[in-house]
Every structure is written in C-alpha cells, then in structure tokens.
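Enquirer: Below are the chains, spelled out letter by letter.
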Amino acid sequence: MATESINIFIPVFVMMAIAVALFGGALLAAHLISPKNPTTLKEMPYECGEEPVGTAWSLFNIRFYVVGLIFIIFDVESVLMFPVATIFKKFNELGQGTYVLIIFLSFITVLLEGIAYCWKKGDLDWVKSFKAGDRK
Amino acid sequence: MTNTIAEFFYQFEGFKSLVEGMNPVTVSVLIIIAAGALVTVFMATVGGFGTIAERKISADLQARIGPNRVGPYGAFQLIADGIKMISKEDIFPRDADKFLFYLAPFICVFGVVSTFAVFPFGSGIALSQMNIGVFYLLAISSLVGVGIFLGGYASNSKWSMLGGMRGASQIISYEIPVTLSIMSIIVLAGGLSFESVLASQSGLPHNWYIFHNPFTFIGFFVFFVGGLAETNRAPFDLPEAESELVSGYHTEYTGIRFGLFALAEYMEIFILCGVAATLFLGGYNLPLGVLKGTVPEQFLQFGTILIKTLALYYVVIWVRWTFPRLRVDQLMTICWKYLTPMAIFNLVGCAVWMVAFDGKSMFDLFFGH
Numbered sequence: 001m002a003t004e005s006i007n008i009f010i011p012v013f014v015m016m017a018i019a020v021a022l023f024g025g026a027l028l029a030a031h032l033i034s035p036k037n038p039t040t041l042k043e044m045p046y047e048c049g050e051e052p053v054g055t056a057w058s059l060f061n062i063r064f065y066v067v068g069l070i071f072i073i074f075d076v077e078s079v080l081m082f083p084v085a086t087i088f089k090k091f092n093e094l095g096q097g098t099y100v101l102i103i104f105l106s107f108i109t110v111l112l113e114g115i116a117y118c119w120k121k122g123d124l125d126w127v128k129s130f131k132a133g134d135r136k
Numbered sequence: 001m002t003n004t005i006a007e008f009f010y011q012f013e014g015f016k017s018l019v020e021g022m023n024p025v026t027v028s029v030l031i032i033i034a035a036g037a038l039v040t041v042f043m044a045t046v047g048g049f050g051t052i053a054e055r056k057i058s059a060d061l062q063a064r065i066g067p068n069r070v071g072p073y074g075a076f077q078l079i080a081d082g083i084k085m086i087s088k089e090d091i092f093p094r095d096a097d098k099f100l101f102y103l104a105p106f107i108c109v110f111g112v113v114s115t116f117a118v119f120p121f122g123s124g125i126a127l128s129q130m131n132i133g134v135f136y137l138l139a140i141s142s143l144v145g146v147g148i149f150l151g152g153y154a155s156n157s158k159w160s161m162l163g164g165m166r167g168a169s170q171i172i173s174y175e176i177p178v179t180l181s182i183m184s185i186i187v188l189a190g191g192l193s194f195e196s197v198l199a200s201q202s203g204l205p206h207n208w209y210i211f212h213n214p215f216t217f218i219g220f221f222v223f224f225v226g227g228l229a230e231t232n233r234a235p236f237d238l239p240e241a242e243s244e245l246v247s248g249y250h251t252e253y254t255g256i257r258f259g260l261f262a263l264a265e266y267m268e269i270f271i272l273c274g275v276a277a278t279l280f281l282g283g284y285n286l287p288l289g290v291l292k293g294t295v296p297e298q299f300l301q302f303g304t305i306l307i308k309t310l311a312l313y314y315v316v317i318w319v320r321w322t323f324p325r326l327r328v329d330q331l332m333t334i335c336w337k338y339l340t341p342m343a344i345f346n347l348v349g350c351a352v353w354m355v356a357f358d359g360k361s362m363f364d365l366f367f368g369h
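Heads up: the sequence lines are chains Z and B, in that order. Using our numbering, read the first sequence as starting at 1 and increasing by one per residue. Using our numbering, read the second sequence as starting at 1 and increasing by one per residue.
Note that these hints are calculated values from the structure, not bench results. Quick caveat: nothing in here was measured; it's all calculated off a predicted structure. A portion of the hints provided could be inaccurate.
Unchecked claim - Rough simulated footprint, nothing fancy, chain B against chain Z, three-plus residues with beta-carbon under 8 Å:
hint	segment
1	22 to 34
2	70 to 80
3	100 to 110
4	120 to 127
Stated by the list, open to error - As a list, the in silico DSSO-like pairs of lysine-lysine whose alpha-carbon atoms are at most 27 Å apart:
hint	chain 1	residue 1	chain 2	residue 2
5	Z	K121	B	K337
6	B	K88	B	K98
7	Z	K120	B	K337
8	Z	K42	B	K98
9	B	K158	Z	K42
10	B	K84	Z	K42
Don't be surprised by glycine CBs; every beta carbon is placed ideally from N, CA and C.
Construct the complete structure from the given sequences, taking the supplied hints into account.
Expert: Here it is as structure tokens:
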C-alpha cells in the first residue's frame, strides 16, 4: 500500500473505530455503574400517564413519502452535478468555460423543471389546498 | 508546511531519534490513532461545553444567572452532567425494536465522529488530507438523519414516531439547499478538498468566499439556515419540540443513550459552524501570511478556526433563544419554495460569474488593476 493512501484513508477508518470505541466505552461505563431494576410501569411507552393504546408502528401520512421522493430526485441530480462543479474552474482556465456553462445550465434547467412541476402539482405544500369545485 | 500528521512530528529532531528503526507505516498509524483520540476528546469537550454554553447564554439572554454551582461560573457542569447521565438507569421500553433501539444512538455518534477525519483544524492539522473532503463530510454527516429516524421508529412510542418522521423529512429536505450552496463554492474553488477551498481565501477578509460575489453572500445565509435545520436547532427543532412531542425522537431514551444523542447533536453543530467558517469565512487562514511556513503558524491557524467557529456557535445559540419555533408546513415551505430556488439561483449565478469575470472577486473587479 502506498504511503499516500495510508495518510488519506487510515484516518477515516481510525475515526470510525474511535466512534465505535466511544460508544462502547460509554455504554460499558453506564452498564457497570447504573442501577438495573426495571418495572412494568418503567418499560411502558411514555404517553403522559395514559395507558398506551395500540402500537406506534401504524400507517403514517403519505406526505412524508412524497417529501422522500422529491428528495431522492434532487439528491441524485446534485450527485450528478458535483463532478461538473469540480472541473468547472479547470475548463474555464482552458477557455472552455462557456461550453461547460451551457451544459451545466441545461442540466439545471431540467432540475428547475422538476421543481416547477412539483410546485404546480402542489406536492411542495404540506397542506394541499383544494378549490371548492375540486372536492367531491 | 506539512501535509500529514506524521510529517508534522518528523520535522522535530527529537522525534526522529525516538522512532529510529521503526517501520514508518507503523509510526504513521500510531500517530494517527493518537491524534484521532486527541481530536475526539477535544470535540467531546467542545460538545460538553456546548451544553453549558447553551445554558449560560440562554440565561444571559433571559436576564437569569444560569448554572453557577459546579466550579467557577458553573464551568464543571458538563462533568456533573456526564456523571449523572452514566449513573442513570438505562430503561428499555417493552415493545421497542431492541436491535434498532440500540443501533440508533450509535449511528448518530458514528456519523458525527467520522466527520472529524477531514475537518481542517489548520494547515496540516487535518487528520486526513482527502481530495474529496467536502464531499465526504456531506455524505457521512447524512447518517445522523438515519440515526434520528431509527431512534424515533424503534422506540414504538407515538411521540417518538412523530418526532422521527418529522426529523427524517426535515433533515433530508434541508440537505438540498445545503448541498447546492456548497456546490456553488465548489464551482468557484475548483476542487472538492478543503485545501482547494481554502487556498484562494488567504489574506484579508475581502478574499473570503462570502464576499466573493453577491451570490455567495446570499449562499452563506442559505447554507447557515439549512444547516440549522439539519442539526435540528431552533427555530427548526420540530423533531424534538418539547411543547408538542414531549421530547420527540429521544422520548424513550434514558441515561447514557440520551446523553450520546445530545453529545452527537452538539458536536454536529460545531462541525456545521466549522464548515460554514471554512467554506465562506476564510477558515484557518491567517491575514497577510504572518509566520508563513512555521510551526507557530499552525497553532495560530488552529486558534483562528476555533474563534470563527465558536463565534458562529454563539450565533446558533442566540438564534435558538430568540426565534419561536416554526410550524411543519412553514418549515417545508421555507425549504422547498424559498431556500432551494435561492440555492439554485446562487449556483447558476456563481457559474455565470466564473465565466463572465474569469473567477475574479468583487473587490478585484472594483479595486483591482
């Protein structure tokens, strides 16, 4: 292995290992010191003193799903834009700036089209508003 | 100027004679482990002081005294808090998903601690001089969102579930403006490493990227607001809104697990402020190149980034105790209808500026030759 890759990647793995050690150490210390006397009341989910009814793992609102979908689209597009952003300066110094800029802008136009479509369809609204006639 | 931690030590004669005859790779790895432990201890202390700073500053803003019992001005409160966290009972809710419940705080801690590897504390004081440092930091810090959602989901409590849901949707939404703001800086810097971002910000503050052009000036605020939302800070603290959701995603967590969630959050705020300082406010660069290429310069650089980061940290706390919390629909409106279009506008503006003015900053154009 080259020395260069040691200096670049070993710190990352070392920090990940330290994260594991920090977590494990804290839990171990807590395990050794803290009292352990669970009771039925303590183990109940906290609902402000009420007896919990049913499980929390139930259906949830579709709005979160829509937000997730929009995020995926934008995230993938930003991943695709990162390489272009990185080489932009080099191409500009070579005199190819306008060419890359046009490609970059046409890609961003697609992105903008996406956000305009979502906006128009009302997917960016948390509470969708209906006109009086729309609701049956 | 040194490139790696190991090279930093190799410039001293005493160290050379100490490690003579050892394999240089082993020496490098040992130094990295020691430095990593040191950085983690430092960041954990900063996170601990974050909690005490939060209480002291909030007390100051509300004309109270704040904690003042443990040590001078309550400075040792973090030790007392730590001992209390460790010695509290670790309650496991009966109906929770055991594996995910234990995994969630770990993912939060893991996502934050791993980012320290590339954080530039000074020229040559970053643990890893990765050539995709900014990208790595962005990517790995997204893990915190997963941890928060898992914490909310695994608890099998309705408050936690609501908090986790809100947290997940908020964190992933605000990642878009933050990413696009960072990308507009990448366009100007022409590289994904922190060194390339910092290279052209040396000298006096007019070289900082926040003053590079009008778009980066807006971009800083877009980044900062998005970052506040990503770290669940007020006014975007909906996932743990204490007046609505008891405590949000960590309602069911007790003792040290709750402590680790809090520690991860405070360390993440430090990283956010540090990244904002590095990308927009000149990072560790000293003005006028004083003491260039010497060891004292590296320590001064460390002090510089620390001062800038802590100043932003104060702003984060100040904002929390000044603004009321947003509603969920307002949160989504701000992200998708204001910040994201603004971030795209900034990105386009920076790209056009690069081509039109050859990457020169405003000051170069107005006062340059």
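Enquirer: Determine for every hint whether it applies to the structure shown.
Expert: We went through each hint and held it up to the structure:
no. : hint              : in the structure
1   : 22 to 34          : holds (count 9)
2   : 70 to 80          : holds (count 5)
3   : 100 to 110        : holds (count 4)
4   : 120 to 127        : holds (count 4)
5   : K121/Z <-> K337/B : 13 Å, holds
6   : K88/B <-> K98/B   : 19 Å, holds
7   : K120/Z <-> K337/B : 11 Å, holds
8   : K42/Z <-> K98/B   : 16 Å, holds
9   : K158/B <-> K42/Z  : 16 Å, holds
10  : K84/B <-> K42/Z   : 19 Å, holds
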